[in-house]
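Model the placement of chain B on the given structure of chain A, informed by the hints.
What follows is the residue order along each chain.
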Amino acid sequence: MPDQAQILPGTLDLLILKAVSLGPLHGYGILLRIGQISGGALLVEQGALYPALFRLVKQGLLKATWGTSENNRRAKFYELTAAGRKRLREEAEGWNRLAAAIGAALAATPEEV
Amino acid sequence: MKLLSSLRTIASSVFRRRRTDHEMDEELRSHIQHRADDLERSGLPRIEAERRARIEFGGYEHYKEECRENLGVHFFESVVQDLRFALRVLRKSPVFAGVAVLTLALGIGANTAIFSLIDTVMLRFVPVQEPQELMQVLRFSPDRASAPPTSGFTNALWEQLRDRQDVFSGVFAWDTARFDLAEGGPVHYATGLIASGNYFSTLGVRPAAGRLLSPANDQRGCPSLAVLSYGFWQEHFGGAPDAVGATVSLNHHPFQVIGVSAPGFYGMEVGSKFDVAIPVCATAAFDGKQSRLDVRDWWWLSIAGRMKPGVTPEQVTARLKVLSPAVWGSAVPQDWEAEWQERFRKRLLVSVPAATGISELREQFQKPLTILMAVVGLVLLIASANLASLMLARASSRSKEIAVRKALGASRGRLVRQLLTECLLVSAAGAALGMLFARWGAALLVRYISTRQNTVFLDLSPDLRVFGFTAAVAVLAALLFGVLPAVRSTRVSLTAAMKGNPLQGAEAEGRAHGGLRSGRWIVSSQVAFSLVLLVISGLFLRSLAKLVTLDLGFDRSNVLVVGANVHTANIGHEQRLAVYDEIESRLRAIPGVVSAGRSSRVPPSRNEWSQLVEVDTPNPPKGEDAVVLFNFISPGYLPTLRTPLLEGRNFGANDTAGSMKVALVNEAFARKFFPTMDPVGKSFRRNEGRAGVPPTVIQIVGLVKDAKYESLREKTPAQSYFPIAQIPEGDESEFFELRTGNRPSSLLPEVQNVVAQVNKGIALEFHSLAAQVDDSLVRERLLATLSTFFGGLALLLAMIGLYGAVSYGVTQRRGEFGVRIALGAAPGTILRLVMREVAVMLAGGTVAGVAMSLVAVQMVQKFLFGLTPIDPTTFAAAVALLAAVAVLAGYLPARRAMGVDPMAALRYE
Numbered sequence: 001m002p003d004q005a006q007i008l009p010g011t012l013d014l015l016i017l018k019a020v021s022l023g024p025l026h027g028y029g030i031l032l033r034i035g036q037i038s039g040g041a042l043l044v045e046q047g048a049l050y051p052a053l054f055r056l057v058k059q060g061l062l063k064a065t066w067g068t069s070e071n072n073r074r075a076k077f078y079e080l081t082a083a084g085r086k087r088l089r090e091e092a093e094g095w096n097r098l099a100a101a102i103g104a105a106l107a108a109t110p111e112e113v
Numbered sequence: 001m002k003l004l005s006s007l008r009t010i011a012s013s014v015f016r017r018r019r020t021d022h023e024m025d026e027e028l029r030s031h032i033q034h035r036a037d038d039l040e041r042s043g044l045p046r047i048e049a050e051r052r053a054r055i056e057f058g059g060y061e062h063y064k065e066e067c068r069e070n071l072g073v074h075f076f077e078s079v080v081q082d083l084r085f086a087l088r089v090l091r092k093s094p095v096f097a098g099v100a101v102l103t104l105a106l107g108i109g110a111n112t113a114i115f116s117l118i119d120t121v122m123l124r125f126v127p128v129q130e131p132q133e134l135m136q137v138l139r140f141s142p143d144r145a146s147a148p149p150t151s152g153f154t155n156a157l158w159e160q161l162r163d164r165q166d167v168f169s170g171v172f173a174w175d176t177a178r179f180d181l182a183e184g185g186p187v188h189y190a191t192g193l194i195a196s197g198n199y200f201s202t203l204g205v206r207p208a209a210g211r212l213l214s215p216a217n218d219q220r221g222c223p224s225l226a227v228l229s230y231g232f233w234q235e236h237f238g239g240a241p242d243a244v245g246a247t248v249s250l251n252h253h254p255f256q257v258i259g260v261s262a263p264g265f266y267g268m269e270v271g272s273k274f275d276v277a278i279p280v281c282a283t284a285a286f287d288g289k290q291s292r293l294d295v296r297d298w299w300w301l302s303i304a305g306r307m308k309p310g311v312t313p314e315q316v317t318a319r320l321k322v323l324s325p326a327v328w329g330s331a332v333p334q335d336w337e338a339e340w341q342e343r344f345r346k347r348l349l350v351s352v353p354a355a356t357g358i359s360e361l362r363e364q365f366q367k368p369l370t371i372l373m374a375v376v377g378l379v380l381l382i383a384s385a386n387l388a389s390l391m392l393a394r395a396s397s398r399s400k401e402i403a404v405r406k407a408l409g410a411s412r413g414r415l416v417r418q419l420l421t422e423c424l425l426v427s428a429a430g431a432a433l434g435m436l437f438a439r440w441g442a443a444l445l446v447r448y449i450s451t452r453q454n455t456v457f458l459d460l461s462p463d464l465r466v467f468g469f470t471a472a473v474a475v476l477a478a479l480l481f482g483v484l485p486a487v488r489s490t491r492v493s494l495t496a497a498m499k500g501n502p503l504q505g506a507e508a509e510g511r512a513h514g515g516l517r518s519g520r521w522i523v524s525s526q527v528a529f530s531l532v533l534l535v536i537s538g539l540f541l542r543s544l545a546k547l548v549t550l551d552l553g554f555d556r557s558n559v560l561v562v563g564a565n566v567h568t569a570n571i572g573h574e575q576r577l578a579v580y581d582e583i584e585s586r587l588r589a590i591p592g593v594v595s596a597g598r599s600s601r602v603p604p605s606r607n608e609w610s611q612l613v614e615v616d617t618p619n620p621p622k623g624e625d626a627v628v629l630f631n632f633i634s635p636g637y638l639p640t641l642r643t644p645l646l647e648g649r650n651f652g653a654n655d656t657a658g659s660m661k662v663a664l665v666n667e668a669f670a671r672k673f674f675p676t677m678d679p680v681g682k683s684f685r686r687n688e689g690r691a692g693v694p695p696t697v698i699q700i701v702g703l704v705k706d707a708k709y710e711s712l713r714e715k716t717p718a719q720s721y722f723p724i725a726q727i728p729e730g731d732e733s734e735f736f737e738l739r740t741g742n743r744p745s746s747l748l749p750e751v752q753n754v755v756a757q758v759n760k761g762i763a764l765e766f767h768s769l770a771a772q773v774d775d776s777l778v779r780e781r782l783l784a785t786l787s788t789f790f791g792g793l794a795l796l797l798a799m800i801g802l803y804g805a806v807s808y809g810v811t812q813r814r815g816e817f818g819v820r821i822a823l824g825a826a827p828g829t830i831l832r833l834v835m836r837e838v839a840v841m842l843a844g845g846t847v848a849g850v851a852m853s854l855v856a857v858q859m860v861q862k863f864l865f866g867l868t869p870i871d872p873t874t875f876a877a878a879v880a881l882l883a884a885v886a887v888l889a890g891y892l893p894a895r896r897a898m899g900v901d902p903m904a905a906l907r908y909e
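If you read the sequences in order, they're chains A and B.
For the first sequence, our numbering begins at 1 and goes up steadily by one.
For the second sequence, our numbering begins at 1 and goes up steadily by one.
These are calculated hints, taken from the structure and not from any lab test.
Every residue gets a Cβ at the ideal spot worked out from N, C-alpha and C, and that includes glycine.
Honestly, I wouldn't trust all of these hints.
Only some residues are given here: those of chain B computed to face chain A with a beta carbon under 10 Å [as the list claims (entries may be wrong)]:
(1) GLU26
(2) ASP38
(3) CYS67
(4) TYR891
Listed next, with one range per pair, are the computed distances between beta-carbon atoms [claimed, not checked]:
(5) A/ASN72 - B/SER42: 36 to 42 Å
(6) B/VAL475 - A/ALA99: 47 to 53 Å
(7) A/GLY67 - B/ARG41: 45 to 51 Å
Next comes chain A alone, as it looks inside the complex (with noise of 0.2 Å):
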């Protein structure tokens, strides 16, 4: 298993609007698809995802239709709501700005001080 880092505070419910945002998925393939898309790194606790995928639904961000897995089994499914993916798009940008001024701030060397 690959070192996994626990989710920052917060970042969950971007990881999730941004996993949704590549198509209509499940509670479990949301996981799944965090998984892959972060290369495995980012360790979720499986059941933490629902209450996030409760409040993001309350918050009008996502919107969910029951339907059936590719298991053929009865499963939720979530897709992004206009407004969810406005949230997507205004988060992923705050979060680059404060990667790349922490990234900044890391590279520094002491002549540049």
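Chain B in isolation, oriented as in the chain A frame:
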């Protein structure tokens, strides 16, 4: 309507919850199945795969709970759940629940009782149409700017104002009076309302039967008509319809009943209710030649009006000011001296809002009720502190339960909410029971402040404000005693609590936080608050004791006062003297009567009779300073009341209506008017202020000891006594005083007999002089009794708190004491150890309590008598009492600490 729709929302949220719950389960299970599918594919047997999937998923119920919370449908549901759980918990510990509910019921009940009095006396609107439109009209004398505006008007002023005003859509006048319903002999009083014709219509009161008074009924020379109040109609006529048209006898005059007013209307005066109303014009029947309709310095009517739509209170005041010269100018008493007439013309009309009615009771009891409100507030604080200690102690025994629930996934916030729900439930039960106590307590209080002269009536049915107040107090109390224990008890360490020793979790926690520290300051604060109450009640008690034992200048014991009203007997002024002399001598002859006298006033009397007095000494007192209180007495008065004659002679049979005008004066009179010489033999002039009437010259024949006149608190005013034979016409009531060998009331039948032998028509009223003195102390007695009762309650609660805290501390430190004893500590050492704890709590509380008392006593200063607010005796006594009781409450559990068996304690540990 709004209530209905919110009920529907709640109901649908409960319904929806079933469905969401079901869906949630399906979704989470689906997740686990998908995971199990993957695991199965990697080679695990299906059963093992499902087991692994469930473990990997984590706390199923915990996450489900979180999901529910995030959905938000959940709040109401969880409240119901909490309530159900709280009920179960409380049912399991009935003693705790009982003690808690009862303590709160007392605390909240006391607060509700006092508040409901404040509400009815001070805050509530009179039950009439649009009460906020009502304004009362008052009079104000610019030449006596320091005196507040007063309410009494003469009939002439009322008629002028009624006819000239243009700011009120309706304006009305009234007076309250006592009407004797009896036909003679012992009086039977009803509360009378003398109302102007538009009184009922302006207030918007409807008839329950017949019709009410109208302006047409209120014209000079009107027939004697009466309107009954609903309550009086029910009581005296059983609500019979034929009461309308019947005749009632009021002060021995027949009045025809024309109707009954609607239930729930008691009049404009808060604190009393009327029985019978008659029009203003009908008073002519009561008065002789000098009718109150015509006498222009008989101040008897109160006036109020309903503002026209769009008129503001400021406009009313401004307009009345403009109208003042015309109104006053047209009602000048013609027989007054010119200078006085001039002052009369300059008087003003002012106005104040009257939505809450008019009340003497309010002025009298506003401050005492505020003080009592603070007192019962403190009692509730102490009670809450007790419950907080109790909850803290309980928390330790519940720590295992809490740890288990925490381990099962309950969040701390959720647990705190659950515990607070328990507190709120207890508090709500306490409040419900407290409301019952309050109903009963408030009724008792009303009876307590009622006197012989003035039966207080208050409509105590609780209104929304009282309910709101009680609910707010209940919630506040629950937070006060619930928050700290709830927060503390949910801070358990899971591992310690689960490791078998249920107590260890909380106890270890407790020790880490300095043992009983929070328990200790709770007890200290109780001690402090109790001390404040003890000091205040001590001050009131000592004041009352000083008033009760005060030298009044007369001896109140064993004196029967017989009020006699000649007016009802149709005896003219000329025969009156002879009739009364006859009665007095017959009364004196009754076996058991030691002596008898009579007078126009009996002290202490609010009904003062005063006039300006002039003397021919250098720099005589002037103006207000020259006012002297009068009383007219028979020769028997001074010996009967045992007021000593210091010098000169008493009145005698030779002082008759026609003889020289003479007077006795008291020491205060002598000090004021004749500071340097002996007053006996000197003379003074009594100025009636009537135009063309020269002042009467009066010779002083004797000097008597100072005696109280109006109240016990007064600095004895200058007084003079005149022979009752020289009483001027106009004042009808006289009092007989009988000093008796035994209980004054035993003479009643014989007295009635004797008076009836002389004249059957004379109305009689009886009371003892001691009762009259007592009635004048009703406020002082109320404050002393209630503050002592609540002070005692507070002391008891605080001591229970102290006892509980020390007991709990001893239980917690059993192990430690066991070790100490095993190592050879003497029992005395252990005792000292515990008592030191008690001393620390007591000392802290006492210091804080004394500091708070120093502030609190300033508030009650006005009601003290003969002592300063910071009275060293009272403070010392309160501290001593508190310390003694505290040491006792601490000693009992401390003794148990000495008896700890080291073996048993160590084994337990």
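Hint by hint, here is what the structure shows:
1. A least Cβ separation of about 7 Å between B/GLU26 and chain A falls short of the 10 Å threshold, and the interface hint therefore holds.
2. The interface hint given for B/ASP38 holds, since its Cβ lies 8 Å from the closest Cβ of chain A, which is under the 10 Å cut-off.
3. A hinted interface residue such as B/CYS67 counts as satisfied when its beta carbon comes closer than 10 Å to some beta carbon of chain A; here the least separation is about 5 Å, so the hint holds.
4. Interface hint at B/TYR891: violated, since its Cβ lies 55 Å from the closest Cβ of chain A, which is beyond the 10 Å cut-off.
5. A hinted range of 36 to 42 Å is violated for the C-beta pair A/ASN72 and B/SER42, which are about 19 Å apart.
6. Look at B/VAL475 against A/ALA99: about 49 Å separates their beta carbons, and that is inside 47 to 53 Å.
7. For A/GLY67 and B/ARG41, the hinted distance range of 45 to 51 Å is not satisfied, since their beta carbons lie about 22 Å from each other.
Checked against the numbered hints above, the structure breaks hints 4, 5 and 7 and satisfies the rest.
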